[in-house]
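**Q** Here is how the chains run, residue by residue.
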Amino acid sequence: MKRKRSRRTGSKALVNTVLTIICLIWLIPTLGLFVSSFRPASEILGSGWWTVAPHRENVTKDQIQLPKDTDLRQPVQVEGQTYTDEQLRSGVKAPDGSTLVWENRRARLLNVQEPGWVANTNFTLDNYEGVLTGKTYKLKQADGSERTEKGSNMSRAFLNTIVVSIPATVIPILIASFAAYAFAWLKFPLRKTLFVVVIMLLVVPLQVALIPVSNDFASLGLNGNFLGIWIAHAGFGLPLATYFMYSYISQLPKDLFESAYMDGATNFTIFTRLILPLAVPSIASISIFQFLWVWNDYLVSLIFLGGQEEVQVLSMRIANMVGSRGDAWHLLTAAAFVSMLMPLAVFFGLQRYFVRGLLGGSVKG
Amino acid sequence: MPTDTAVKRSVPKIALWSVLVPLLNVIVHSAIFIFLRDSELNPVVYAILAILWGVAGVYTIYWSLNWVIEQYSDTWKRRIQPFLFIGPAIGLLGWLLLIPTIRTLIMSFQDETSSKFVGFANYAAVFTNRLLVTALRNNLLWVVFGATACILLGLLIAVLADRSSFEKLAKAIIFMPMAISFVAAGVIWKFIYYYQPGDEQIGLLNAIVVWFGGEPQAWTSSYQPWNNLFLILILIWMQTGFAMVILSAALKGVPEDILEAARMDGAGEFRIFFRIIIPYISTTLLSVTTTVIVFTLKIFDVVMVMTGGQYDTEVVATQFYRQFFMYQNFGYGSTLAIVLLIAVIPVIVFNLRQIRKQGEI
Chain C
1 MKRKRSRRTG
11 SKALVNTVLT
21 IICLIWLIPT
31 LGLFVSSFRP
41 ASEILGSGWW
51 TVAPHRENVT
61 KDQIQLPKDT
71 DLRQPVQVEG
81 QTYTDEQLRS
91 GVKAPDGSTL
101 VWENRRARLL
111 NVQEPGWVAN
121 TNFTLDNYEG
131 VLTGKTYKLK
141 QADGSERTEK
151 GSNMSRAFLN
161 TIVVSIPATV
171 IPILIASFAA
181 YAFAWLKFPL
191 RKTLFVVVIM
201 LLVVPLQVAL
211 IPVSNDFASL
221 GLNGNFLGIW
231 IAHAGFGLPL
241 ATYFMYSYIS
251 QLPKDLFESA
261 YMDGATNFTI
271 FTRLILPLAV
281 PSIASISIFQ
291 FLWVWNDYLV
301 SLIFLGGQEE
311 VQVLSMRIAN
321 MVGSRGDAWH
331 LLTAAAFVSM
341 LMPLAVFFGL
351 QRYFVRGLLG
361 GSVKG
Chain H
1001 MPTDTAVKRS
1011 VPKIALWSVL
1021 VPLLNVIVHS
1031 AIFIFLRDSE
1041 LNPVVYAILA
1051 ILWGVAGVYT
1061 IYWSLNWVIE
1071 QYSDTWKRRI
1081 QPFLFIGPAI
1091 GLLGWLLLIP
1101 TIRTLIMSFQ
1111 DETSSKFVGF
1121 ANYAAVFTNR
1131 LLVTALRNNL
1141 LWVVFGATAC
1151 ILLGLLIAVL
1161 ADRSSFEKLA
1171 KAIIFMPMAI
1181 SFVAAGVIWK
1191 FIYYYQPGDE
1201 QIGLLNAIVV
1211 WFGGEPQAWT
1221 SSYQPWNNLF
1231 LILILIWMQT
1241 GFAMVILSAA
1251 LKGVPEDILE
1261 AARMDGAGEF
1271 RIFFRIIIPY
1281 ISTTLLSVTT
1291 TVIVFTLKIF
1301 DVVMVMTGGQ
1311 YDTEVVATQF
1321 YRQFFMYQNF
1331 GYGSTLAIVL
1341 LIAVIPVIVF
1351 NLRQIRKQGE
1361 I
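From first to last, the protein sequence lines stand for chains C and H. Heads up: the first sequence at position 10 corresponds to 10 in the numbering used here, and the numbers run straight through without jumps. Basically the numbering used here = 1-based index in the second sequence + 1000.
Careful: at least some of the hints might be erroneous.
What the hints assert, rightly or not - In silico PhoX-like links for lysine-lysine, alpha-carbon gap of 25 angstroms or less:
no. : chain 1 : residue 1 : chain 2 : residue 2
1   : H       : 1077      : C       : 187
2   : H       : 1077      : C       : 12
3   : C       : 12        : H       : 1168
4   : C       : 187       : C       : 93
5   : H       : 1077      : C       : 254
6   : H       : 1357      : C       : 187
Since the hints were made in silico from the structure, they are not lab data. Bear in mind that the values here come from a model prediction, so they are computed numbers and not experimental data.
Isolated chain C, as found in the complex (with noise of 0.2 angstroms):
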C-alpha cells in the first residue's frame, strides 16, 4: 500500500540521518555478540571486539633484549637512557617516539613499540566447537600456557530445546483450534460464559498458576520430563491460540458452512477438511509466535524441568553458564548465538507471519 505524501525534502536528510543512528544503536549490542563469538578466548579477554576494525594502535616494530641479569629494583638502561620498572611495566615514551614495555618481564624482553594501523582479525570456530560439544579442548590463554577445559555440550540443549518446542506448539494449536471452531459456529449451553473466561486468561501473569500446578505435577511425576513441560506451555498457551484462531475462524462467511451442511457433511469433517486448510496462514502464525515464545522461554522450563542435565533446554544452560562462568566470554557469546539462530532464522525467513502472529499474541501472560 503506497501513498503519495507530499513532504519538505529537506528535512528528509535530518530524518534519515537521525534514524540511522537509532539503528546503529540498536544494531551494535547484537553485532558486538557476533563477533566476540568468532573471536579466540585469550583475544575477547585482551581487547574489545571493537578492535576487529582498523585502527590506530602501538605496534611491535623491534624487541630488545637486555642482559638476562638485569636488576630491576635498579633503574633500567635501554639505549643510553634510564627507566625504572614501573614504566616499563606500564609503557613509556623513547626520545625517538616508540614506546618501550615490557612484553617478557622474567626474560629480560622489551618491545620497541610505534603507533600505526592494525586490525584485530584473528577469528576461530574454536568457540562453536567447545560450546556444540561435550569433548574437552585446548584453551590457549593470555600468557601463553594451555589450559583445557571440558565442552559445555549446548548441542544436547539444543535438541532438548527442540524436543520442548514442537509438541509445545502442535498440541495447544491443534486443542485451541477445535475450541475456537465451537465457540465460532456451534451453539451450546455456557458459550458466551466460557468465552468470557478464555478471555479474562489471556493476560492473567503465570506465576499465579506455577505453584498449585507444579504440586501437581510433583504428584503425578511430571516434574523434570518432556511430558510435563508440554502440558504446561498447552495449557498456557491455550487462551491466546483460542482466542488468535477464533478471530480468525468467526470471520469466515457463513455460507461456506452452510452448503457444507447441505452436503451432508458433519461437523468433523467441516473442521478438518475445510477450516483448517483455509486457516492455514493464522495457524501458521500463531505458531510461529507459540514457537519462539517455547523457544525463548525460561521460566517455565526453570519451574517445570528443574536441574537434570539430560533435560534442560539452551535458555537454562545459558543463565546456569552465566552464573557460574560470568567472564568466559568465549563460551557466553557463542552459546548465545546458538540459541539466537532458530529465532533469528525464523525472523528473517518468515517475517509476515512472525509480526502478524506477534501482533495478535502480544497480550499473553
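Knowing the structure of chain C, use the given hints to seat chain H on it.
**A** The following block gives chain H in isolation, referenced to the frame of chain C:
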C-alpha cells in the same frame, strides 16, 4: 428426518461404544504417557515419538470420540458435539490456569506450608518486609521508566521510519531483538556492561567512558537503585520494536485528506502531530501501553540473568521464584503472584470491554 436412521441404530450398541471408546482412549494414552515418562530412549527417537504422539494422539482422541457421537441421534449429536470440541481446551485451561488461580488466592491467606489460615498476614509482610518492598519499588521503576520509554521511542521511530527512505530495513532492525530470548539479550548486554579493573575495558560502555576520560564502573551493581535503569535499558531495546510496529500501522491509518486540510490551514507539523495524529491513534496507543505494562510487570528473565536479584534489583517475579522455589514459602510466593494478578486486573477489564465493543461476545 432423524427417525428412520435412528431406528436402525440399536441403543445397547451405542451405549457400549460410548463406554468402550473413551475407556480405550484413556487406557491407550495412559500407557503411552507412562511409557514416555519412564522410558530412557535416545533423545532423537524420543523426540520423534513424542511429536508423533502429540500430533496424532491428540487428533485421534478427537476423531474417535467424534465417531461415537456421530452414532447418536441428531438431537443428541447437536447437544454433545460442541462439548467434544471445547472439552479438551476447557479441561486444560481449568486445570492449569483457572483453578490454580483460585488455589493461589487461597494459599495467599495461608502460612508458608499452606496448613493454616493467617488472614492478611502475608499481604502485610509483602508491603513491609524490606526485600519484598524493594521488589515492588523496582517493578514500579520498570513500569515507569521501561514502559514509558518503549512507547515514546516506539512512536518516535514509527514517525521517523514513515518519513525515511528505508522504512522496511529500519523497522526490521528495531524489531529484531523481539525475536530473541531475554536470556540471550541478557548475555548481550552483560557483555556491554562488563567491567574489569584496569585500563583495558572490553565492555563497550566502559570503553566509551574511558575514551571520554571517565572512570569505568560496574554498572549493574553500583549506584543503587539507579543500577536498575541499566537493566531496564534491555527491556527498552527489546520491546520498542513491538510498540513501533503497531503504532506504525496505526499512523498509516490516519487519513491523508485530514492532514492535507490541516496543512492548507497553515498548521505546523508539530501541531498536526499533537492535535490530529495523536488523538486519531489514541486507542491503539492505549492498547500498546497496556500490553507493554503487562509485559513489564512480569519481567523475570532479565533480572535473573543480569544480577540474579542482587544489588537491590529484585522484582516481584524474581522474588516470587525465590520465595516459592528456594525458601519454599508458599504463603509469600502466592501473595506475590496475587499482587501481580491485581496489577493486571485493569487490563483484563479493558480487554473484555474491547471485545464486547467489537461485538465478538
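**Q** So, for every hint listed, does it hold in this structure?
**A** Verification of the hints:
1. Of the supplied pair hints, the one linking residue 1077 (chain H) and residue 187 (chain C) holds, its CA atoms being roughly 12 angstroms apart against a limit of 25 angstroms.
2. A C-alpha spacing of about 65 angstroms is found between residue 1077 (chain H) and residue 12 (chain C), which places the hinted pair above 25 angstroms, so the restraint is violated.
3. Straight-line distance between C-alpha atoms of residue 12 (chain C) and residue 1168 (chain H) comes to about 16 angstroms, which keeps the hinted pair within the 25 angstroms bound.
4. Distance restraint check for residue 187 (chain C) and residue 93 (chain C): the Cα-Cα separation of roughly 88 angstroms exceeds the 25 angstroms cut-off, and the hinted pair is therefore not satisfied.
5. For the hint linking residue 1077 (chain H) to residue 254 (chain C), the alpha-carbon distance of about 21 angstroms falls within 25 angstroms, and the restraint holds.
6. The hinted pair formed by residue 1357 (chain H) and residue 187 (chain C) meets the criterion: a straight-line CA distance of about 21 angstroms does not exceed 25 angstroms.
Hint compliance for this structure: hints 2 and 4 are broken, all remaining hints hold.
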